[in-house]
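Number of protein chains: 4
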Amino acid sequence: MTASEVRCAVVGATGYTGAELARLLLAHPRLALAQLVGHTKAGRPVDEVLPSLAGLVAGEILDFDPDAIAASCDAAFCALPHGASAPTVAALRERGVVVFDLSADFRLTDAATYEAWYGAHGAPALFGKAAYGLVELHREDLRDAGLVAVPGCYPTVSVLALAPLLRAGLVEPDGLVIDAKSGVSGAGRSPSPATHLPEAAEGFRAYKVGAHRHTPEIEQELSRVAGAPLRVTFTPHLVPMTRGILATAYAQAKGEVTADACVEAARGLYAGSPSVHVFSDGRSPDTLWVRGSNRVHLSYHHDARTGRVIAIGAIDNLVKGAAGQAVQAANVRFGFEEGLGLGAPATWP
Amino acid sequence: MTASEVRCAVVGATGYTGAELARLLLAHPRLALAQLVGHTKAGRPVDEVLPSLAGLVAGEILDFDPDAIAASCDAAFCALPHGASAPTVAALRERGVVVFDLSADFRLTDAATYEAWYGAHGAPALFGKAAYGLVELHREDLRDAGLVAVPGCYPTVSVLALAPLLRAGLVEPDGLVIDAKSGVSGAGRSPSPATHLPEAAEGFRAYKVGAHRHTPEIEQELSRVAGAPLRVTFTPHLVPMTRGILATAYAQAKGEVTADACVEAARGLYAGSPSVHVFSDGRSPDTLWVRGSNRVHLSYHHDARTGRVIAIGAIDNLVKGAAGQAVQAANVRFGFEEGLGLGAPATWP
Amino acid sequence: MTASEVRCAVVGATGYTGAELARLLLAHPRLALAQLVGHTKAGRPVDEVLPSLAGLVAGEILDFDPDAIAASCDAAFCALPHGASAPTVAALRERGVVVFDLSADFRLTDAATYEAWYGAHGAPALFGKAAYGLVELHREDLRDAGLVAVPGCYPTVSVLALAPLLRAGLVEPDGLVIDAKSGVSGAGRSPSPATHLPEAAEGFRAYKVGAHRHTPEIEQELSRVAGAPLRVTFTPHLVPMTRGILATAYAQAKGEVTADACVEAARGLYAGSPSVHVFSDGRSPDTLWVRGSNRVHLSYHHDARTGRVIAIGAIDNLVKGAAGQAVQAANVRFGFEEGLGLGAPATWP
Amino acid sequence: MTASEVRCAVVGATGYTGAELARLLLAHPRLALAQLVGHTKAGRPVDEVLPSLAGLVAGEILDFDPDAIAASCDAAFCALPHGASAPTVAALRERGVVVFDLSADFRLTDAATYEAWYGAHGAPALFGKAAYGLVELHREDLRDAGLVAVPGCYPTVSVLALAPLLRAGLVEPDGLVIDAKSGVSGAGRSPSPATHLPEAAEGFRAYKVGAHRHTPEIEQELSRVAGAPLRVTFTPHLVPMTRGILATAYAQAKGEVTADACVEAARGLYAGSPSVHVFSDGRSPDTLWVRGSNRVHLSYHHDARTGRVIAIGAIDNLVKGAAGQAVQAANVRFGFEEGLGLGAPATWP
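Residue numbers (this note's numbering), protein chains in the order written: chain H, 3 to 351; chain U, 3 to 351; chain G, 3 to 351; chain Z, 3 to 351.
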């Protein structure tokens, strides 16, 4: 389907991902921002809730009304917490709205796995019906999707970094270690002790060691690429900065492998992907270099002393790790150029 | 003059202001980025020098060649240090290139003042020939300018905050105090002890107390608005963050003044200015709310206990305080809509 | 009174000021940390609440029991919110405990002023009975005090910076402007949107413009020094860092004044004060240089162009602005050397 | 040997490690700071070079004079770059001064390994003559040492985290991965693009992937513990903060292993070590909790899904990773209590 203009609602517009969706849609030539929907802040002026929109977006945050959205919008981006998202998505799908869901509710394909990590699902009838929105690897699945599950931030960068190695058989699928580091915006907009500046600004720590819910999503996608089930050791950390994820992934090389071969595999896999850049000049990614953009920076290193390949990826967790990726998926879904409205470089420094 | 596409060179492209110019021109529908020029880094790949452009801009940084610029470009943005800028600008002007100069070389109108604060001028024949590029106050002067002096970052926010009060006669022109705070990117890209993260990240300090070179520029412009010479006490400070300037300006109220009257004066003066937003809901600006954007946020407060008006303004020093303002001036100069390519909200948070 | 060892309780030990008190008392040769008291966290292990004490302090946070404190302690440091502090202080005073109160409840001497800024007082019978614990200016008042009101963080640095100028008659008492900037720890340990790292880390803003409750405290103390009532315009700002306050104060010079004369006045006034250092080498204070210490750095500047004196002071808001000052007052009260246990330089960088 | 007071010189006093040595020695009851020696800044006032010492330490930075040091000091702490350190150390050793060398020059025991990673050694006659100053594991070697090689920051935390597991045979010695993250002060005091706040503050990146010089030091010490040569994959990263290192180490469990067994092994090994704390309440270390202190925080996690043990350690790179560890070694060397002068908790937050 190709439309001249696709009208979009943002549901859950008052969190950081919602704010990013608003920013990206305001600048998009074909996707139009039609509604900003929020629950607890419904009725408040947009610019009071999202101060960066002062003088740019008038009006108020609307309460969620699926009929009103269906009446005036073609698509909805849902940026709600997992659990809360499923029934909202169901209500929109019943009314024919194309939904891009940024929660975890529709990312997993195995119901038992979902339940083990998240508990009971909020819309079982829809479970397993979504296309997985990691555009670089699932582009074709998105073209006629009614529901797109936008990947999590950690899975996005982890899978994009490791997929070329597994697909090309350059590394062993067993024993993968992913050590990931995220800016604090990944924890969302709700204040907490862990995100309170005095306790976050000059500290660095791991969290949810061996227990982060993005683990099964990473395993699902890497298993798909590898063609067989695999498991990963995944450890997230909190970086004293606002935006950005860097994932450092460790894999055992299979036979004779060079960094160049890894770069070549990645460049091959991402040849038609405008968001991805693979370094081959010795540099490795820096989250600052992608901050505010939909870009993915990758590098590959071979530690000949230990026979390990180290794959490093960086994204902005709120853009390529959330809102930007959702827009990218929408571009594919509605027949636009994949990078439309997403071509801006990072706001650097 | 209106052109369908204006081809632009960025001279001094390897500093932060140059990088911002590149970012803004890449996204601009009518101004085209034609050349990235640098001196010490000429010949190096663009994306090695400006890592955010990796995968987006191919080619190398070019050495400065005024003939080549004149042959292929209509306009040049010069982002060079003061002193170094004047002869470069002169070479381009001689060849008919419209120049937007982001240095301090052409901002002052009084030669003796320039010399007192900066020393001998590098292109005396051109001195006094520039239009001052603070668009909100000098829009008409820019329409046929050959050389535009893009204002300094501190003067931009200080003058925009105080001008409505002085113009409306709401405050005394004597005794103004401007206490300004800037992110570290204002110090440029050259590393120094003062910008070394361990000595900058958890510290706050004033610098150049009573001696900052933006003082005469602020005084020149505020005197112009007030219609009589005035002096200001100006103290800049360094904030442990990358971008943003907040200016807190103190003025003695003239007779009965209210915060509302100040807001009204500012809204009147900036009625046709798409970049400016004046708060009237009790909030005061936060540099985060304008980060990465060309926006100006202003608020006005009246301290009835002391009879003082406090005017607060926030901008992104690299955008509205430099590159964005230059593009805004170019929009006016070339007959485009003033906010063309500059409408994006801040990348928040 | 001189004691070989003074046993101390910290009431309100689970906030940042309480944590600093614990740190300073652990290192103090004569003041012994006897009890850590907290309300909402009573019963929890100390090191769970104050993670820096892991392996150093065993036991639990105790609930408040004034009899138990009176039975085992000579002194108490109360680090509670204003309002909540007064009745706690009263209960301890009734039992003969010497109290150092870090709240605002006993700092003001005029009841009407207190009520206008804070509302009804929680222990009216004690109001006006405290010694004001700004040691450098009120040392003698502390020697036999039963209750010491430890000054607020902003008043400490503001008053110490301006007092020498007013006392020596170097500046006009009218028209003082104090532009102050504080690290986020000044907002306390409770998370809030304003202190949430993503909305605080790369932003700078003013708050409570013309309305901060430290204003009357500053006015009270500066009026005392000046010998006549005066008013100040006081604007606090939030700096994206954890600790430190810098105050930039502006005053109109009286007649012929030099920076050297200001330095001399300050050095004279603070000759016997081990915490204070006055720069005379052109440098101005940086909060990083006092971070973690009980030190006060001051500098004085004369802007000959406008006839203004600029006084700049820096402290660590949690040390000299709170816990350190309380310990300093306790040293005086109990006959120890004023700087005992407080001599450490900043943890720099 | 036990002395009532040991007089100490700090050679290389003008860098961050030197500044920390000065801070710790000033507070130490038995080690006396006798000389601050620097090369490029000799003759400049101490407090101009080390601003936190303003008002606390008078005098000037001295030029290096080994005879003068030998005449007046018992010990010297050398905080010089590798390469520059060796001849300085040799000059002091020839004169009988006990030396604690904080460079890498004497940490390795295999000359070929040193040469492969660092090039020719600056004092071959002394190579291999140093005791390795990781106190917790080499306490006895230090008691009569003339030269102590103070460990590197990354090796300190990595070895302390993994040693208990290897010693107890809980993990396989093959396939260790150490993903380490350091604050920017680890890069020293010299400004560079990588440490320039605008390019460091909101970014996170790896560096020297597979090539950091601390790798052979980690391998040497872990091999010693394991009783057989082993290799590690070591990747350091730069965290946008000033101080602190967190190391996340991954090891394959040997048979049935629990987190509790790992904790028990660590507590056993570090039973007499006052600096070490091992969490067993589910928390993992945060660098903020040890900032400014000589403490080591450790935690152990077992990922049953993948059979991996994750060991996490945190230190302050400038204290336990450098100056504090040197003082701790000196305490042992001179017969003082190991934790003397080092007992302070972190300055938190």
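Some hints could be false.
[Claimed, not checked] Covered stretches of chain G (in silico footprint by chain Z; criterion: 3 or more residues with CB under 8 angstroms from a CB of chain Z, positions within the stretch not fixed):
| id | stretch |
| --- | --- |
| 1 | 25–34 |
| 2 | 104–112 |
| 3 | 292–305 |
No lab work stands behind these hints: they were computed from the structure. All of these numbers come straight from a predicted model, not from anything done at the bench. The beta-carbon is built from N, C-alpha and C at its ideal position, and this holds for glycine as well.
Hints, one by one, checked against the model:
no.	hint	verdict
1	25–34	holds (count 3)
2	104–112	violated (count 0)
3	292–305	holds (count 6)
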